[in-house]
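K.L.:
Residue strings, one per chain:
Protein chains: 2
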Amino acid sequence: MLTYRNLDRTGAWKKLRNTSPFDVTRLSEDRISTMQTSLAAGITYSWAAAPVDQSVIAVLAELATEQQLVDKYRALLDGAVMNTGEGRMVLHHLLRGQPGSVVVHQGRDQREFYREQQQRFSRFAEAVLDGTEKGATGKPFTTVVQIGIGGSDLGPRALYLALNEWVRAQGIEPRLEAKFISNVDPDDAAAVLSGVDLETTLFVLVSKSGTTQETLTNEQFVKELAARHAPGLDLRKNTVAVTSETSPLASGGGYRESFFIDDYIGGRYSATSAVGGVILSLAFGPGVFQRVLEGAHEADLAAMNPDLLANASLLDALIGVYERNTLGMATTAILPYSQALSRFPAHLQQLDMESNGKRVNRDGEPVEYETGPIVFGEPGTNGQHSFYQLLHQGTTTIPLQFIGFRRSQIGQDTAFEGSTSQVKLNANLAAQIVAFARGRHHENGNKHFPGGRPSTLLVGEQLTPEAAGALLAHYENKVMFQGLTWNVNSFDQEGVQLGKILTKELLTGSPGEELTVYASLLGIDKKI
Amino acid sequence: MLTYRNLDRTGAWKKLRNTSPFDVTRLSEDRISTMQTSLAAGITYSWAAAPVDQSVIAVLAELATEQQLVDKYRALLDGAVMNTGEGRMVLHHLLRGQPGSVVVHQGRDQREFYREQQQRFSRFAEAVLDGTEKGATGKPFTTVVQIGIGGSDLGPRALYLALNEWVRAQGIEPRLEAKFISNVDPDDAAAVLSGVDLETTLFVLVSKSGTTQETLTNEQFVKELAARHAPGLDLRKNTVAVTSETSPLASGGGYRESFFIDDYIGGRYSATSAVGGVILSLAFGPGVFQRVLEGAHEADLAAMNPDLLANASLLDALIGVYERNTLGMATTAILPYSQALSRFPAHLQQLDMESNGKRVNRDGEPVEYETGPIVFGEPGTNGQHSFYQLLHQGTTTIPLQFIGFRRSQIGQDTAFEGSTSQVKLNANLAAQIVAFARGRHHENGNKHFPGGRPSTLLVGEQLTPEAAGALLAHYENKVMFQGLTWNVNSFDQEGVQLGKILTKELLTGSPGEELTVYASLLGIDKKI
Chain A
24 MLTYRNLDRT GAWKKLRNTS PFDVTRLSED RISTMQTSLA AGITYSWAAA
74 PVDQSVIAVL AELATEQQLV DKYRALLDGA VMNTGEGRMV LHHLLRGQPG
124 SVVVHQGRDQ REFYREQQQR FSRFAEAVLD GTEKGATGKP FTTVVQIGIG
174 GSDLGPRALY LALNEWVRAQ GIEPRLEAKF ISNVDPDDAA AVLSGVDLET
224 TLFVLVSKSG TTQETLTNEQ FVKELAARHA PGLDLRKNTV AVTSETSPLA
274 SGGGYRESFF IDDYIGGRYS ATSAVGGVIL SLAFGPGVFQ RVLEGAHEAD
324 LAAMNPDLLA NASLLDALIG VYERNTLGMA TTAILPYSQA LSRFPAHLQQ
374 LDMESNGKRV NRDGEPVEYE TGPIVFGEPG TNGQHSFYQL LHQGTTTIPL
424 QFIGFRRSQI GQDTAFEGST SQVKLNANLA AQIVAFARGR HHENGNKHFP
474 GGRPSTLLVG EQLTPEAAGA LLAHYENKVM FQGLTWNVNS FDQEGVQLGK
524 ILTKELLTGS PGEELTVYAS LLGIDKKI
Chain B
24 MLTYRNLDRT GAWKKLRNTS PFDVTRLSED RISTMQTSLA AGITYSWAAA
74 PVDQSVIAVL AELATEQQLV DKYRALLDGA VMNTGEGRMV LHHLLRGQPG
124 SVVVHQGRDQ REFYREQQQR FSRFAEAVLD GTEKGATGKP FTTVVQIGIG
174 GSDLGPRALY LALNEWVRAQ GIEPRLEAKF ISNVDPDDAA AVLSGVDLET
224 TLFVLVSKSG TTQETLTNEQ FVKELAARHA PGLDLRKNTV AVTSETSPLA
274 SGGGYRESFF IDDYIGGRYS ATSAVGGVIL SLAFGPGVFQ RVLEGAHEAD
324 LAAMNPDLLA NASLLDALIG VYERNTLGMA TTAILPYSQA LSRFPAHLQQ
374 LDMESNGKRV NRDGEPVEYE TGPIVFGEPG TNGQHSFYQL LHQGTTTIPL
424 QFIGFRRSQI GQDTAFEGST SQVKLNANLA AQIVAFARGR HHENGNKHFP
474 GGRPSTLLVG EQLTPEAAGA LLAHYENKVM FQGLTWNVNS FDQEGVQLGK
524 ILTKELLTGS PGEELTVYAS LLGIDKKI
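Those protein sequences? They're chains A and B, same order as listed. For the first sequence, this note's numbering begins at 24 and goes up steadily by one. For the second sequence, this note's numbering begins at 24 and goes up steadily by one.
It is worth saying that the hints were derived from the structure and are not from the lab.
The list makes no distinction among identical chains, and a pair is therefore deemed to hold if it is satisfied within one copy or across any two copies.
Cross-link-like lysine-lysine pairs, in silico, DSS-like; alpha carbons within 25 Å at most: (1) Lys470 x Lys527; (2) Lys95 x Lys37; (3) Lys95 x Lys38; (4) Lys470 x Lys523.
The structure presented is a predicted model; accordingly, all values stated were derived computationally and were not measured.
Input sequences plus hints: build the corresponding full structure.
P.N.:
Here it is in structure tokens:
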């Protein structure tokens, strides 16, 4: 029997207020050696430098039990309606495996449906890559351009960047070059398409609803570009759609192919569906994408473990809740020491802030505690030369999550002053964790480091497809566990609606006074 | 007579606590029409949706007077030692003009020195672009690759991306293609250089001290790449240095040319020096870079106005202080509705967080109030489909700064459903400001928007070189005014030192226990 209650109605809530956080200036060798747990795909989660000791962990374990976090996750896997506002199941885990029961909906085995779509786009990608499927004018495809925004852009783009150099270093061929258009700013599409040959480009048009304004506008942009520069080209034959079966794109578009997702795959949780799978299979080959799914599935299984200390995603989630609610830290930073993860923080911004940036609980009632944190980040070592000053010596404490890998992706390296770049990269990472935690006394206040800045670390052997999939799923599951702890619905996004409504009011000629004046200031009053 | 005092020792401090913020749900046509002031280069600053009314503005004006903000800025321009910790003047304004007195240092007119360097690299760029200056093997240069990190990377890169499509749309030729290497992660350099012809590539090696670990390591990486792939190539002849006159790079490198900055140009304030000027002059032509300087200079002059309501940078700064200290808002978001500004928030992260992320005042004594905020951002409309959910309906209020332009850069556009992309872009921007401020009631708590989320807007005609320069200088001056208000030194960065020290301890074999265990976890114990 699952019971949903607000965080401040749990017994653990008050107990947490009475705990003392672990003072991370006391970070020790012993903590580092023992406070680790395995995530998946060879990735280890280290919480030695987090502000929790055994007594805090014990209360967090109580909280996990009281909020039935693993049981609710299992229910989600089994097809419970976890997206309460929209009355929907949440099934993205089925994209990569079957961690729970078979979920049958309207006579359809959902796992089979997703697998069938994966098989369809895998075969399609193989045919494009071996030249069987050619462009409308008979030329083989060389380039794939995804048109999508939000979840149809950030996750797939982050994964593409995460693995592009790894795939290149492995010598995997054949493959298409991939590009992405997202913004309705016309300069975005114009810039991305400036060097592209439309005849050899396959467009992937991604919109679950089939009505996303930016995406349809950018499709139109491409159509007009084609009409000018390749007037004989039937662009629809160079376009595939990724959408839901009932959307306008599925039926009326006349596209070469349509691949499907459904209402149970939220945009920000869709990177392992056709939304990410089509372009990644074309760019890397379907085998690489399959390995991403396997890494994600392994992390999904690991998140089912009821033992808090053996469940990295659950532990990471609850340490985050402790920092957010008990310690009052509103922001968190994601700091990958891997250039390939340069856009991973942007994906996590959406994943986390859109999922848990909520002021009401799953029943629509306002909550009286803080929910999802603000997330930002840039790759190390770049961040060290940028915003780390504030992290070390600012007046606001920001919990940090580092990500590192023992080996580089490309394997080209250089020794300079006695160490390779990869060793320097990871030496910097180790140094930062210790510097943030322990600080260092200095008589000069300006050079004094108070320390006490908490962090956690995810460390893997190499950023492989499995590791990328495991990281992706780890954060999905972490965000889910946090949402369940806060008793919010992590799977809708009603907060994006009002902006859409007002935009429509402005564009269709019925705006309020304030909108009208801003429109004038922005130079669009004459053009509407 | 200038007096430096902590913010909480001012008379305005207590008065601010007794003000009531303006409730931005009451945003009105009248506020929008009147609460605007001109910045520079055709950019207008609108604070209609900020949480301030006339009574708050009056106290902020008192604060500006009490903290002598404009007088201190004038002193800075005249060569006062404003970087107290390091005992240095702060002279980046002289890179683009002479807003104050002539500053003579050790017999040298500093403005003349910076202008001379600009003339040197302008002539050099002209000669590269017209083919007079060729690569070591006699081929004309086609590509320029900057090797630098932090301030030697973020500002120049942000400006390059800001103007690349504008330059292309203008048909400006000849020009080099520009790339950037920053991270010590070996995969960064390997990826950037994968398609580059070393014989026709000019490297710009940027390090003021000439000792930056990442930058020297990446230079070594390029040298080894050249030794393998172009064994006859004397890479030093394809490299220019940007450094200080006394650095090891200036004398011993044997580079083709060296262009100089000095100790009075901080890294994060160096985009308008040779640090940004060399690569931008090669990529866009020196004339475009000159126009960036002119826009910046215009903003520098505008910041000298003692009338708060006619000084956009000062007003923006003090509204930020009010939000940070009186209203307790720790984070702020920069939301450019312009894809060309995609990396501008990353530059501002460094500029703001490294400058004002300080816990001690300019004399090294701890302050007892909050200082610099956390800054993050992504371009609209992308952010709308990502983290705006939290901004609209999260439990933490984040002041927003929007940036928009009436015209696109490229001018290619498409009409779809009755409006162009540019109109849609700006309609979204207008809609978001109003949605955040006013909110909208809904019976369903999940669909209810409380509003009251403050924002400001910078709006220009087009993102030209002048506008980019003005924006850059606006934020430099805003951050300076905030630092002066908080009485911190915005021009040093001692907080980056401890990480460097511990990295060195680890790499040279004398680490503490905690470092040793993390090194082992990160797989580098065997390799040091």
